[in-house]
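Colleague: The lines below spell out each chain.
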Amino acid sequence: MNTTTLPGTPGKLAAGSRWAVETHGLTKRFGAKTPVNGVELLVPRGSAFGYLGPNGAGKTTLIRVLLGLTHADAGTMSLLGYPVPRHHAAALARIGAIVDEPRFHRHLTGRQNLRLLAAAREPAARDRIAPALERVGLAHRADDRVSTYSMGMRQRLGVAACLLPDPQLLILDEPMNGLDPAGMAAIREMILSLVAEGRTVMLSSHLLDEVERTCDAVAIVDHGSIIRQGPISELLAGALLAVQVECSEPGRARALLAGTTLGARVEAAPAALGLEITLPAGTGHDVIAEINRVLVEGGISVYRLQPVQASLESWFLQVTSRLGDPE
Amino acid sequence: MTTMPAGRGAPAPDRALQTAAPAGHSRDRRGSPIPTVGMIATRVMELRKRRGLMIALIVATIGFPALFLLIRLLLHAFAPGTSPPAGGYDIFKVLVAGFLPTFGFIAAATVGCTAGSRDLTEGMFRHLVVTGRSRLALYLARIPAGLAIVVPLVAIGYTIVCAVSVFAAPTFIIDSNVNIPPGLSRAGFENWAGDRPEPVICSLPYDGHIPGSIACAGPPGWSKSAVTPGQPAPAALEALAIKIASQDYSGYTAISRYPSIPLMVTAGLWIELEAAVGFILGLGLASLMGQRTGPVILIIVLQMILTPILAFAAIPHLQGLQRSFIGLAVAHLEPSGLPMFFGLPGVTGGSGGPGAALLPESAIQASCVVIAWLAGWTILGAWRMMTRDA
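Each protein sequence line maps, in turn, to chains W and U.
According to the working numbering, the residues represented by the first sequence are 1 to 327, in order.
According to the working numbering, the residues represented by the second sequence are 1 to 390, in order.
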């Protein structure tokens, strides 16, 4: 992960912390429900970070707590090195955020809405309105009323609002909701360009494919707690989904595997050129070698063993469904 | 990092962190509760762009009185014999003591309710909080912004009323339904009365004996033509008319064709106070409730139903509570020279004015009640805004 400031990082780093977002034991309760339950989150600076979870997992609540939209009940947190909520004003000065669906005053134009928000920020924010609208591709509709905007245009206006503070950190809650494929691609490109400028983007989403294409690291949240986090490459490295086997006698190979200790751990099924062996979550590469050894010792000619890497989506489903199963 | 207790509530103070605040933080002044000029200006824009609200506000504060006066001007222009002049003191009193404060208050309260609730209901409150700007500053910015819209519009409506009242005033003075030329000296007034014994004897107030043999035809109408030149009268009637005029001269001089400048100034300030109170009350109540419609209805009920009832019903043991109502307090501050608020003509009103039917309350008490309401609703609204989940 990138832990240092890249050249061209906007503004001045608030503190020497390597984390743009850091929480420990963060908890938020609503009556008997605990949508944020002891969250330990570390978002490295200068990265695109995905915050993933099924619906109702507590993603938006965590973001609302981070941004001071609601109070936490327990735990500690810091944004850009500023302890919050004590220094929320200073931290938020360099943070842009979309929380839930971006809604604006519908009777005002996009530009007027941004003027309203820029006025609450530092004076220089007003000068960033036009570049922000340009950047999100909304300059030609900036003087139209928001009531005439599509959902995708409002999303882009929300991103433009995020750019007003020249942010070091952008927190985007489901920014691709309601966007068509072109709009999603545009937002994805924008996020990547923002990260390339040294900014940190924390992206909450349930669109796993988009997150996988956009983010360097992710955290998976379920039932209010983070169950995995780290760089996507590291998380998926040991997460094999299946092994495709081309061999001389697929039928006998299948029976052979079922008769060994491997049989209880893997599931082999006929495939076009041999077998496809589905592996349980968390299976390492050593299982592939074990499969090869069993087949070769059984007198079966193995032509090819092809590990199939789990996608973020399949890994996410494995992880969350496993944890969601009743004990 | 700030440590929070494991229980409910806001984060606990962490002394160690106060000294560990990152460099540069102290230069950021967006935690200040004082709104910037830019925040106020954009707030004005946000309200000004609400077409429906602005139309309603303009109609209530300018449109209705302007239309009313325009109709009177036209009627008088085309039928001066049957339609009285559009302006004058009486028209000023009717509009300033009844219409303008009531509609100004409700219109201003509607603007306040809009300013206090629309950020929340339209989803902008969250965006504004995320700027890191003090929530108190966000709230306080709405007050000058709203007043910057309400006060000028009320002033324009009031200025129209004043202008028509002065420049389209009758050319005569109406005293007890008798049309009298203005600016007469005592001798001139007596001479005028001696020439017109019948209307003078029959209409002007007189604290003495009038012979029963005099037949009065009833009060004259509005038209000057209704005051006919006196017929050659017996000397006794002429003497009686002169005596009546002499006694009523002070009353005659107290009557104006149009309101005096001091009265117009004080009445204007009073109407603006009424509007400002309505705005602050609406802003606070809507911020507290997080919606617009409910507070508007509550304020209309308060102003148009509860306050008139409480003004004239002395409830035993609860008079202190009655006096604490904002409507009564503002009514007590009404300038003398206007009839009492709530549309009760003929009752001399104003603070401490004779014949006032309001529950007695001193101007200082009334001022304290007004200040308490303004401060109280501002604090309540700001508190809710600062503690509300966004």
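Keep in mind the hints are simulated off the structure, nothing from the lab.
The structure displayed is predicted, hence computed values, not measured ones.
Here a beta-carbon is modelled for each residue, glycine too, at the ideal position from N, C-alpha and C.
One or more of the hints may lead you astray.
If you want the footprint, here are the derived chain U segments under chain W, 3+ residues with CB under 8 Å [as the list claims (entries may be wrong)]:
1) 30-38
2) 47-56
3) 167-174
4) 198-207
Pairwise CB distance ranges (calculated) [stated by the list, open to error]:
5) U:Ile315 to W:Gly25: 24 to 32 Å
6) W:Glu101 to U:Ile309: 44 to 52 Å
7) W:Glu101 to U:Gly294: 46 to 54 Å
8) W:Glu234 to U:Gly294: 48 to 56 Å
9) W:His206 to U:Ile309: 29 to 37 Å
Derived coverage of chain W by chain U (criterion: at least 3 residues anywhere in the stretch with Cβ under 8 Å from a Cβ of chain U; other residues may be distant) [unchecked claim]:
10) 195-203
11) 210-218
Colleague: Between the stretch 167-174 of chain U and chain W, are there enough contacts, at least three residues with CB-CB distance under 8 Å, for the coverage claim to hold?
Modeller: violated (count 0)
Colleague: Do three or more residues from the stretch 195-203 of chain W put their C-beta atoms closer than 8 Å to C-beta atoms of chain U?
Modeller: violated (count 0)
Colleague: For W:Glu101 and U:Ile309, compare the CB-CB distance with the range 44 to 52 Å and indicate the outcome.
Modeller: holds, 46 Å
Colleague: Does the stretch 30-38 of chain U contain three or more residues whose Cβ lies closer than 8 Å to a Cβ of chain W?
Modeller: Contact hint for the stretch 30-38 of chain U vs chain W: holds, 4 residues under 8 Å.
Colleague: Return holds or violated for the Cβ distance of W:His206 and U:Ile309 against the range 29 to 37 Å.
Modeller: violated, 57 Å
Colleague: Could one say that the CB atoms of U:Ile315 and W:Gly25 fall in the range 24 to 32 Å?
Modeller: Violated: the Cβ-Cβ distance is about 57 Å, outside 24 to 32 Å.
Colleague: How about the stretch 47-56 of chain U: do at least three of its residues have a C-beta closer than 8 Å to a C-beta of chain W?
Modeller: holds (count 3)
Colleague: Could you tell me whether the CB distance from W:Glu101 to U:Gly294 stays inside 46 to 54 Å?
Modeller: violated, 25 Å
Colleague: Quick check: does the Cβ-Cβ distance between W:Glu234 and U:Gly294 fall within 48 to 56 Å?
Modeller: holds, 54 Å
Colleague: Count the residues of the stretch 198-207 of chain U whose CB lies closer than 8 Å to any CB of chain W, then report whether that count reaches three.
Modeller: Violated: only 0 residues of the stretch 198-207 of chain U have a Cβ under 8 Å from chain W.
Colleague: Taking 8 Å as the Cβ threshold, is the statement that the stretch 210-218 of chain W is covered by chain U upheld or broken by the three-residue rule?
Modeller: This one is violated; 0 residues, fewer than the three required, reach chain U with a Cβ under 8 Å.
Checked against the numbered hints given earlier, this structure breaks hints 3, 4, 5, 7, 9, 10 and 11; the rest are met.
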